Amino acid sequence: MAMLHIVNKSPFEKVSFRSCLNHARAGDSILMIEDAAVGALDGTSFSDKLKTAMADKSVYVLGGDLTARGLSEDRMIDGVKAIDYAGFVDLTVENETTQSWL
Amino acid sequence: MATKKFMFVNRKAPYGSVYALEALEVVLISAAFEQDVSLAFIDDGVYQITKGQNTDAIGQKNFSNTFKALGDYEINKLYVEKESLEERGLTQDDLMDLVWEDEDDDWAEKPSIIMVNRSEMADVMAEQEVTLSF
Amino acid sequence: MALEIDGQSIELDEEGYLVDLSAWTPEIAKALAAGEDVELTDEHWDIINFLREYYEEYQIAPAVRVLTKAVGKRLGKDKGNSKYLYSLFPYGPGKQACKYAGLPKPTGCV
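These protein sequence lines are chains R, Y and A, in that order. The opening residue of the first sequence carries number 1 in my numbering; numbering runs sequentially from there. The opening residue of the second sequence carries number 1001 in my numbering; numbering runs sequentially from there. The opening residue of the third sequence carries number 2001 in my numbering; numbering runs sequentially from there.
In isolation and in its complexed conformation, chain R is listed as follows:
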């Protein structure tokens, strides 16, 4: 069963994101929202960890949360997909279950 993991905390402040990556399985999807959106950027102390996860998982970010923080989508790690709220809804439909990493 594919699961959508929703993360909303910055990987630089909380361990939630790291924990999410530790428990997500191949074929799962990960969506970064709110403060977690900063995790989408390349060239950070966290980006290698996310790239590793992207080998067998799909990674998304709410584009609005990135731009709200003054971060443009062209600074994202290659392969991270920026989506809007409608895309968020689609993800919840495509996956059998969701889990929020608060």
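What the hints contain is simulated information worked out from the structure, not anything from laboratory work. Check each hint, because a few of them may be wrong.
Unchecked claim - Listed next, the in silico BS3-like pairs over lysine-lysine satisfying Cα-Cα at most 30 Å (straight line):
hint	chain 1	residue 1	chain 2	residue 2
1	A	K2073	Y	K1077
2	Y	K1005	A	K2105
3	Y	K1082	R	K14
4	Y	K1005	Y	K1110
These figures come from a predicted structure and were not determined experimentally.
Based on the hints, put chains Y and A in the right spot on chain R.
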């Protein structure tokens, strides 16, 4: 009512925020609906079930004893992640001895805590139909 | 709301439950029961005492299902059923017995 596999994922320490207590309340309420309920303790969530908690000095209710009642509610699958304990310098000996009584086996006490490693925890989570995180 | 006993005023919440659980005495239980036209018998006290011990140990009032099972185990199968418990506490063993025992309303109690 159809029975679903519910998992409550506990990731926060008790007392510093209301998450742990609120989760426990929801767990107890969910038992009334006779679902297949299990709990997961990862990250700081493992601090919720340490033994010897004493909240006298902070003026909050010590709700760790309530975990001992979960067996009465037929909630007897408490998955605890080994890595989360190790990262915090804890072992299973630091946790409460949580058990349930098997009515069909002359009320024999059986352990409720199931120690799993990180990848086993991921597998258990993947089996769930509903996952609620706190 | 308040309950007057021996010139003392005991504070109750809007549903008639004791506000300060530590203020409970058997006299309060009797007075709360009398207010609902119930005279407490030994059978009532078995349940009330059980509830108080349960709360002391686990910090919660048990759900009715849990209470029923536990009573059956402690007091015998003939008492571990909702018919017996409702005969003692017609307003619902959870709500009514917990009230007399000075406990909060059971979690998830409807």
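Tested hints:
{"no.": "1", "hint": "A/K2073 with Y/K1077", "in the structure": "23 Å, holds"}
{"no.": "2", "hint": "Y/K1005 with A/K2105", "in the structure": "28 Å, holds"}
{"no.": "3", "hint": "Y/K1082 with R/K14", "in the structure": "20 Å, holds"}
{"no.": "4", "hint": "Y/K1005 with Y/K1110", "in the structure": "21 Å, holds"}
Checked against the numbered hints listed earlier, the structure breaks none of them; every hint is satisfied.
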